[in-house]
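**Student:** Read off the chains here:
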Amino acid sequence: MNRFRKAHLFVALLNIGAALALSISLPRMRVQAAAAPITFSRQVAPILYKQCSGCHHPGGSGPFSLLSYADAKRWGKQIQTVTQSRYMPPWLPEPGFGNFADSRRLSSEDLELLKLWVEGGMPEGDPGEAPKAPIFSGEWQLGPPDLILKVTSPMQVPASGPDLFRNFILPVPIAETKYVRAMEIRPGAAQVVHHANMLIDRTASFRRQHPDDWKEGIPGMELAVDSGDSFDPDSHFLFWKPDSPALVEPNGMPWRVDPGNDLILNMHLKPTGKVETIQATVGLYFSDKPATAHPMLLQLEHDRAINIPAGDAAFVIEDQLKLPLDVDVLGVYPHAHYLGKRFEGYATLPNGEKKWLVLIRDWDIDRQSVYRFQSPVFLPKNSVLHMRYTYDNSSGNVRNPNSPPIPVKAGNRSVDEMGHLWIQVLPRPLPKAGGDPRMLLERAWMQNNLRKDPDDHVALYNLASMEMASGDYESAATLYRHILTRTPEDVRALIALGAALEKTRDWQQAQEKYEKALAVDPQNVDGLFDLAHLESEHGSYAEAERNYRRLLAVNPKDASAHNEFGKVLLATNRDAEATQEFEAAIAIAPEDLDALYNLAGIEADKGELPRAANLLEQALKLRDDADARQLLGSVYAQSGKLADALDQFKAVQTFRPHEAVPHRQLAQIYAQMGQLRDAINEQNIAISLEPKNADDWNNLGVLHARNGDAVMARKDFDRALTLDPQHVAARANRARL
Amino acid sequence: MLFTRRTMRRLLSLLFTFVTVLLLAEVCPAQGERAVYGYNLNGEPVTSLASSGVAAVVLFFAATDCPLSNRYLPEIRRIEQKFYSRHIVVWIVYPNFGETSVGVKQHEAAYGVEDHVLLDPNHQLVALAHAKVTPESAVLIPETADAKMFRTVYHGRVDDRYLRLGLEKPIAAQHDLERAIEAALQKRAVEQPGGPAVGCGIIGRP
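Sequence lines, in order, name chains A and B. Numbering of the first sequence is given in our numbering, commencing with residue 1 and proceeding in unit increments. Numbering of the second sequence is given in our numbering, commencing with residue 1 and proceeding in unit increments.
Bound conformation, chain B alone (with noise of 0.2 angstroms):
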């Protein structure tokens, strides 16, 4: 009985890595052309995540008028300081309807500039981060060495300090985002978030 189920998990998980390849192949449509992951904030499409050899890639979705979202800011820029060395890159990703490249660099400006910024206006990241809220994350690893196709390995919140809106910790205890780029890097099996992420609904076009 216990190896039937082992056996079923095993089968599962294959079917998620087919349909995450299957989800790939949307954003990049077929070789030779290359996907757009969103539009930097010059308004020039992104056509690329990281550069070969990048170890994961970490997607933030954040928004510039939802207070939980700026909250985890420095969070996210703490976790980038960890892993730095450790060849991870990590995109902040707009996905609100109505974002403007001109609002996110004025928040930029007020709560820090990031290196990897991009708006994403047709929800392509967000599809495949199956994100719902900002703030929310998600974690990559590159399925070919030129780093062009990924397998999303994590998706959810970046640490349980928020239950749910109006249900806050103190302090964070279980901080999933951290270990789930951990034992990513580790190429162990990464756990999945303990619970929803908490936020501002993410806004798609009317």
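The following block holds chain A by itself, in its conformation from the complex (with noise of 0.2 angstroms):
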């Protein structure tokens, strides 16, 4: 009670301040404003350059230009109501419910500027005080790009109607991976295009579902891709809106592209008045480095829940994750379409405290865009996000698109409804060495999924993913279950399913699984794949030889089938039509670690050991593998490079410390280098890791009897005897010593 009198105390003596201050300083600003009125270019011209100028230029997205006195004369009236108002700069989160970088908000004083200077006649002042006008050329800002990509087919877009919702699939033509540390979006019409979202094809699955017409960009406000079978989370925002400039990635976090990805440019299209011609360029840089840091975005939704009924005025849709890791959250991008009204995001720490990501008071799909915090916003593990937006589908919502209101759910088209908040993390690594933090970002993220609808496929899909990636393939087993008793004839999960079987050694099953998503689809080239693999692993070459030759006329093009396919060959003595598959695999995929390793093996064996060395070099600049170390090992032992050989063995040893063949091919080249104390010290390790191998014994004993100790040669031979009694070696040398 006492506090509470107090805080009123304050605010009355607040308040007599601010009169008492008043009136002692309007006399003042009245002088000062009569000294030094409000000019363009000592006030007005540093707002409306660094606010406004980024759309309000020649060419630019807005439509006139403010880089001049002449322009904001002409506009003063209109920059004075539109500033007022806050239509512009468009900017919707409320201040102070997270800071963020680029915020176009303008503050109170340069609001109260622009309306004095403009109520005060818009003096020009000296021209001289003026900050020079910023420059917008049309070259790209970040000069020429590494790669051009530009929409296969221009698209008219109508000049009246409703606003467009197209999805253009760019491909990507490179030959190997890239990293794009920047990409600049160039839209075509800068007035039309209200935004845009770049969304990464890894598997060009939305080409694939749209083959006839997908050059002409596909209608629909939202779409899925699907991400492969590789653990790869979307993890940038690539969003562009008119005063985008080139987007930036931090240091260390370039995005990944792959040969076959395509990208796909989402654009909201809003009709100018006259037929426009749209034709998206995108601009790529690469970086000569792969990402060191990996953010990921999280999505909270729960579209399964919109379900509002006609004339509700505030429906909520709820939803929150656990985190559990630490995090910096790295920016958010709210989404709704037409009756979204307010958006709340936020997280509560383990102790209670609420820590505001976002706040929007009033959605507008037209001024959506992506939040960048100003610095990372930590969370500790254990905080919860949360997201609760409110919906207004009475007839009260101007932007209501059905009149009369009807009862909307979530969907696609623009009459339908969409509740996201997509929210940019960097997972702080593990404690202990424990993998890929995103794995556990991912693991709550579809376990919150599930919670919300037990039979979300895409969460059990990708959980069962997970269960795959950490060998827990009974678990993964059960999840592909799940989805097939909903849909049997699901061949992604049919397969998935004939992996985890494969893994628990229930291979009859696995088969079982792959034979039947091929009756579904019979080119399903995954299918032939696995099907072929199990069969070539368990000795049926034949059947192997013949679902790789049908895998081969779908797609010619796949490396690893050719590679596997030279395999089968290899173990059906045809080591020159196995050649030819290796080299083919190699031709398309030249970092085909595996196929350079399988051509080198057939090349040593033939005792082409220059052209073994030099594959297997190639094979090693572009990944460091134990078994091509320990192959160029041996090609070196045998060309007589035997220091070269010990380097590989040596590194062998680091990849495989518990093994212990390395150690006895380190005796071995030891003993040819002359180097017996050496060899005696790696074969000794050999046989510390296997001490019953009779020939570690044996071998021991010929470079102790080298070595001049007949004794200990002895006993090694008896230890090796006492072995493998019929070991013959032992047996002669004992008899030599």
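It is worth saying that the hints were derived from the structure and are not from the lab. Quick caveat, the model's predicted, so the values are computed rather than measured. Don't be surprised by glycine CBs; every beta carbon is placed ideally from N, CA and C. Each hint should be verified, as a subset may be incorrect.
What the hints assert, rightly or not - Below are the DSBU-like pairs computed for lysine-lysine, each with C-alpha atoms no more than 30 angstroms apart in a straight line:
(1) Lys270/A x Lys132/B
(2) Lys557/A x Lys150/A
(3) Lys77/A x Lys132/B
(4) Lys82/B x Lys270/A
(5) Lys82/B x Lys115/A
Claimed, not checked - Examples of chain A residues toward chain B, derived with CB under 10 angstroms:
(6) Lys73
(7) Met88
(8) Pro158
(9) Val398
(10) Pro401
Said to hold, decoys possible - Between beta-carbon pairs, the in silico distance windows are:
(11) Leu163/B x Ala519/A: 50 to 60 angstroms
(12) Asp212/A x Ser48/B: 47 to 57 angstroms
(13) Ser48/B x Ser107/A: 46 to 56 angstroms
(14) Leu163/B x Ala314/A: 15 to 25 angstroms
(15) His457/A x Asp115/B: 53 to 63 angstroms
(16) Val248/A x Pro196/B: 35 to 45 angstroms
(17) Ser85/B x Ser160/A: 19 to 29 angstroms
(18) Arg304/A x Ser85/B: 46 to 56 angstroms
(19) Arg413/A x Pro196/B: 27 to 37 angstroms
Grab the two chains, each in its own frame, and use the hints to assemble them into the complex.
**Tutor:** Below you can see the structure in the form of structure tokens.
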């Protein structure tokens, strides 16, 4: 009670203080105003150049230019009106509920200056005091891009009518993986394109869904793409709005694009009054280094709960997600359609503190944007992310696309609704080297989705994939079976279940699942590959050969299939044909380490040691690999390059510290080099790792004998003969002592 | 009481007509002297908005650099098409200071050529139509058979798609201008717009 009174008293004092200050300062202000009027050059130009000219310049998305005094004076009254109402510059987030970089919101001081300037007759002041107007050239902002992509067919946007939402597919013509450090989107006619989102389609799935019309662009506000089988979550906001500069990713955070990927430009188009032709181009700038930090996009949503009764002016959906690890939040992207009203995004910390991420009081789809934090927002493990969106489906909502209002559910059309809060987080490394922290986030996210919908197909599939990655094949199989209870002919789930069963050694069941998948889709390359691979593993080479040939007839460019088929041919002693397959694999995918290794093996067997060495050296430039080093060590040893062989075998030891083989090989190389002490040392290590190997004891005996230690040598041969009384070499060596 | 109110309304209407006539009298200062409504794209004065026999003149205030005004051009064309056979004339009026005939011609080349276009640098038609923003519209009815004097029966928004800057309906529900033309042609009372015109402020001489 006392505190309450004190608070009131404080306010009262403040009011008195304010009144006093006003009464004292007013005359001074008048004098000041008379002495130094607000001018374009001194106060207004800096505001316009910073907050307005990004769109309002010739060729920009703004309808008129604001780059000179004449421009500003001409539009002065309009500037006053639209800034006072905060229609301009467009900015939805409420101040004080998230500290965003590149905020377009004008400060109260700036608003007041603009108002006073217009009311004061819009004087120019001394032109010498004005800052230099920004320059907007038609060139790429970061110089010539490394790769320019262009939408295949231009699109004509009609002169009038409702807004359009179109997805343009941009195949990426690259032969090797690239890392994109920056991107500039040039949408075409800037005044037509309201905003755009870029998606990476890792499997070109959207293009395959629309084989006949993808070049014209596919209508739709949202889309889902198949991210493929590898764990590769979306990680970056690739968003464009009219004043977006080139998108430069933070250091160490380029995004990856692989051969065969498509980029999809999802565009919101607004008719301008005349027919406009748009044909977007995208400039990509590559980094020579892959990412060292891996952000991830998390999504809060509850589309399933969207069932908004007609007339309901305050329909609420909520979602929450508990973070399984520490993260830094880098940005947010709230999204809904026309009925969205109030959006809240926040986190509840483990100590109960509420940390706002974003608050939008009056959502407007036309002004949507990605909001990046000025500095990352740290959220400790066990913080809970919250989303609470309110919708207005009454006739009082003028943006309501249905008149009179009708019940609205979630969907892809503009008359449907959505409610998403995308959050870009950078997970902090796990305390113990525990793998990819994004896996934990993915798991928490998917489990959250299953809580909302136990039959969520994507969540079940993704969780199963993670169980596969963690080696829990039984759990994965259970989840795949769950999917198949609802969609028994889901080819992908059938193949994935087959893979899980193969891992649990139930290979007959696995084979049955692959065959069932192929009965539904006889040309499914994944099904053909997995079945052929299984057959090959179980010695059914004829069947494997038949299925690899079927696969390669469907997709002759499948490097992995060429490589695996080569292995089948090798197993059936058709080295020349196998060589052709490995060479085909390498021609398609020069980075195919397996094919390089397999071909090197054939060359080494043929005695083509320089070519074998060359292939293996090529492979090792791509990736360090113990098998390749081991084979290369042997090739070097056979070529007499003992020092080089020694280096390779030493490197193998770092990969396989608990394996006897590299120690054995090192012992032999040392022996050949005459370094008997080192040889004995390595041989002893090999024996410590595999103490019951009679060959090793025999070899140790030979080394001891050559080193002049007959006593030790005899003991070694005896040990070998104890382990294997029939060991011919040990018996002969002992006799020679 | 009700009767009294009706009487008052009629009186107001008469007063309004009187004021309109006065305004027109400003445009047409004296008998025999031709009023200049604006200038066509060749720089020539426009002294007649319509020939005799016209049923109504529709003014649409536009600007080459106002996106809202541009977005309405197809709608104005649709309205013109709809009433074409019923003797209306539509004028696209560019009232902003700084608009040039060259600029308007370029704009027309992009957005479509109109039959009747004029620049209104002296804001004669702006005053007649009480226009404040682009896009805005007005419906004039000839007071005389030779179509030399007009009475403004409607002025304001074209429709209700924009309720204020930043507040836009997906499609318009109330087509105020269209309804006003129809009423004027049927010689019925013309309903005034249900909300303010929304757009870019008309720019006068500095």
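**Student:** Indicate, hint by hint, whether the structure satisfies it.
**Tutor:** Each hint tested on the structure:
1. Lys270/A x Lys132/B: OK: Lys270/A and Lys132/B at ~25 angstroms, within 30 angstroms.
2. Lys557/A x Lys150/A: holds (25 angstroms)
3. Lys77/A x Lys132/B: holds (12 angstroms)
4. Lys82/B x Lys270/A: Holds, because 25 angstroms separates the two Cα atoms, which is no more than 30 angstroms.
5. Lys82/B x Lys115/A: Distance of about 43 angstroms is beyond 30 angstroms: violated.
6. Lys73: holds (7 angstroms)
7. Met88: Because about 8 angstroms separates Met88/A from the closest Cβ in chain B, which is inside the 10 angstroms limit, the hint holds.
8. Pro158: holds (8 angstroms)
9. Val398: holds (5 angstroms)
10. Pro401: holds (4 angstroms)
11. Leu163/B x Ala519/A: 50 to 60 angstroms: Holds: the Cβ-Cβ distance is about 59 angstroms, inside 50 to 60 angstroms.
12. Asp212/A x Ser48/B: 47 to 57 angstroms: Since Asp212/A and Ser48/B have Cβ atoms about 56 angstroms apart, the given range 47 to 57 angstroms holds.
13. Ser48/B x Ser107/A: 46 to 56 angstroms: For Ser107/A against Ser48/B, whose Cβ atoms are near 53 angstroms apart, the range 46 to 56 angstroms holds.
14. Leu163/B x Ala314/A: 15 to 25 angstroms: holds (20 angstroms)
15. His457/A x Asp115/B: 53 to 63 angstroms: holds (59 angstroms)
16. Val248/A x Pro196/B: 35 to 45 angstroms: holds (43 angstroms)
17. Ser85/B x Ser160/A: 19 to 29 angstroms: For Ser85/B and Ser160/A the Cβ distance comes to about 22 angstroms; the hint holds.
18. Arg304/A x Ser85/B: 46 to 56 angstroms: Holds, since Arg304/A and Ser85/B (Cβ atoms, about 53 angstroms apart) stay within the stated range.
19. Arg413/A x Pro196/B: 27 to 37 angstroms: Given range 27 to 37 angstroms: holds, Cβ gap about 31 angstroms.
In this structure, the one hint that does not hold is number 5.
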